[in-house]
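Trainee: Chain U is already provided as a structure; the job is to place chains R and B on it using the hints.
Chains as they are written, first to last, in the numbering used here: chain U, 44 to 321; chain R, 516 to 801; chain B, 993 to 1323.
These are computed hints drawn from the structure, not numbers from a lab. Heads up, a few of these hints could be off.
Straight-line Cα separation of at most 30 Å, DSS-like style, residue types lysine-lysine; simulated pairs [as the list claims (entries may be wrong)]: (1) R:K686 to B:K1257; (2) U:K304 to B:K1028; (3) U:K87 to B:K1028; (4) B:K1028 to U:K83; (5) U:K122 to B:K1268; (6) R:K680 to B:K1257; (7) U:K83 to B:K1109; (8) B:K1268 to R:K611; (9) B:K1114 to U:K48; (10) U:K261 to B:K1109.
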Amino acid sequence: MSNNKNPLLPHLATLQNVIDLTPDVRLFQIDLNDADFKAKFDYKPGQFVFVSAFGTGESPFGLTSVAHRKGPIEVAVRKVGTVTSSLHDLEPGAAVGVRGPFGNFFPMDQFKGKNIHIIGGGIGFAPLRPIILTILDHRNEYGDLFILNGARTPSDLVFANEFDTWASAPKTRLELTVDAKDDKWTGRVALIPAVVKELQLSPANSVAIICGPPIMIKFTLTELKKLGFADEQIVTTLEGKMKCGLGKCARCNVGDKYVCKDGPVFTFKQISGLLEQF
Amino acid sequence: MSETEQIRSKAKELLDAKKVDCVIGYERATDGKNARPMFAYNVKDADRLIFDQTCRHNLVRYLLNRKDKVTGIVVKPCDSRAINLLINEHQIARDKVVIIGVVCPGLVKTDWNKAGDKLRDACQLCQQRTPVVYDVLIGEPKKVEPPADAYPDVTGMEGKSVEEKRAFWEKEFSRCIRCYACRQACPGCYCSECFVDRLDPLWVGIRIAPGENEMWNTMRAFHLGGRCVSCYACELVCPVNIPLSLLNRKLEKETMKLFKFQPGLDPETPQPLATFQKDEKLGVAE
Amino acid sequence: MSKFISKKDLNSWLNKVREGRRLIAPTKVEDLVLFKEISRVEDIASDYVNTDLSPKEFLFPPTEVLFSIEKKDGGVDLTPARVEKETVIFGMRPCDAKGIIALDKPFLEEPADPLYKEHRDKTILVGVACLKACPECFCSSMGGGPDDPAGLDIMLTEVKDGYLVQVLTEKGKALMPDSMLSESREAKPKAAEVSKVPAEGINKKLRQNFEDPYWGRLADRCIHCNMCSYVCPTCYCFDIRDYPNKGKTDRVRSWESCQSAGFTKIAGGYDPRANKGIRMRQRFAHKLLYFPEQFGVSHCIGCGRCVKSCPVNIDIREIISDVQKLGAKGE
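Same shape as in the complex, but just chain U:
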């Protein structure tokens, strides 16, 4: 949990490293300053943190690293607003703030023994990466792993430097797709829902976890349901404008559920039961 004396006060941290994933997405590797807090900082796939760009503000980012690897905290930041632009201006060594971890998490225990289909579009792929890393680090505990990573153009595909590692893991299949190719791309050119339909993913003993822009989720969901996936078998992670992360500022609710507290991970069965349908 965050600074439990003052949940709105960030913990001081240092930007260890920045790695450009795409022209507008940067991976930030962040090291917590306080050794005690760092030792106790545990998080699960699906949770998120607030990162402060001191002087501008803070924003929520899905954690894209896994705690069990004991490395720095990693978040993928797309430069799209004021806080993310300020973060993109920072160099390694800069001071940042971290609050969290917040939210619920992907039920990895329930995924054990099942076939996992991971479908992510653009920056939406970032919160799904911890699921992949957890599965790869505990390979025998899970069934087949199918990863579909899509983006608008080839240069927008995130984590390209890890594709070989993922594709070469046992019982793992990686598919990439783009909406529009460039001069060098020889791979698939298709929208994610079309790929799901083409590959006829099987719902048998499976879970599908999807994340991306709302329109991608909507159409992918349609295809998955046509293939026979039940609502409980499809999981996603929602986003919303957030300020506190604690369910106090009354901003991120979808109906009577708070994305920051009751989510961000929801099954589609839960989502279809929500009062507001976004």
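Mentor: Below, chains R and B without anything else, positioned relative to chain U:
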């Protein structure tokens, strides 16, 4: 037929013939004394339309979210000037509005649950009782004698010293709670991103604090300089009774003095503060 | 037999209580009656039903620095804000005390908001029962009442020459000990008559009629200012942002309203509540459905301030009445 009856009749005619998608007018509010805006979508709705001296809202601001539909609208003279302003600024199209203009008797000073009988200060000084643009006119056109001093309140302020003026405004703005009702009620305030919501660069910000309140209110008045159509909807909606019209009327007086221009009289005349003439001189270096 | 304090003694007590503390009471400001810090007991307004703005601003200020950020020696220093003085809010009506009870729920629920908690712990609430109600008051339909002492530390009821006194909490007792009070045989005056609004079961009705086009039509005339949320004693949506302040940076919390456009807009442009009707529905769903079901207390306390201030007469009493009737026809 009373104004109310005439408006209902015209609205029903328009709705029945499907000439408009809806008619925006006024109906009785829940205190039983004042008026509130209403949207009549069918003949049955139109039976609730009224018009009286408590109809203080400038309904023209609702046209800004209905640009793709043909809308009927009930306007007073000040509201009709707002329509010309918005046409001039290419925000609405003349053929998308059916204007039901009403010759205005002036609004009374009202508050929740209290409809007074004294005319509003601004209405006592108003020189335009007939709408400047309309498709249908309700009431007989009226001419009003221009008063000796059209801006006695502004003249009064001008007579004060700088310290007195500063103290006056500090006191008034200290009550501002930044609800932005003034901005939201104003037909001239339609920027898709208001300067106070702009974060980068940060001009004012969302802090509700004296210095920032002053910035907000004075900057908004300046952004309306040469554009304000003098409906003073801003002052009417302010929950803490800040005399906002004083700011606008000072700028109006100056605009009239410098450019002989009153905003909203017609949709074609270019606005003086938005136009550069080659032969204009500011008289600064002379 | 009830406890009693004379008007004269009450005024002396108020003067004494002011020493070292902020004394907040209703006072006339132009045509309004507002809670302000007063320096003279004579400035306290007497002939009013309720203030125009709510007292929530003393526990949850419109703008408040949460902490300041200072860059130092290659690192960063964060200094949280503290609440220094105690505050006594005098003249609070029972409805507003119910409002404080409602505000306590989200702010004090674990993990508690430390700044709100400091304000709350250091504030003593002295209420005055309502002997008169305005036509817009409907507290008794929302779980309260004109002489309901819930949430107050001390409750006063005006009688001839003084007040009947109920000291309700330890905080109240510390400020107004028994020794100050005398006994009185005065009968408790009749509480104000309050209008009724059919709010029973409104949460269920709202849930049933969530998708009704009623909300879109209601939102037609809404101009999306922040007024209803700001005058309301229980609205608590807030924004957090950093602002420069003379070489340092303040992280500031400010009031915001779910009705303003862009409240839910995320960087990149997606806005799930871009539609006016959906924003309108959010306000009333939060007020009458989500909050009561989440926290077990009413989020609308029936003070009527939003009714009086809304520039276009969006009237929660009318809405409650309308929603109760939705879906009844043609089922």
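Trainee: All hints, please: hold or fail.
Mentor: Now for the hints, and whether the structure bears them out:
no.	hint	verdict
1	R:K686 to B:K1257	violated (35 Å)
2	U:K304 to B:K1028	violated (37 Å)
3	U:K87 to B:K1028	violated (48 Å)
4	B:K1028 to U:K83	violated (46 Å)
5	U:K122 to B:K1268	holds (29 Å)
6	R:K680 to B:K1257	violated (40 Å)
7	U:K83 to B:K1109	holds (26 Å)
8	B:K1268 to R:K611	holds (22 Å)
9	B:K1114 to U:K48	holds (18 Å)
10	U:K261 to B:K1109	violated (42 Å)
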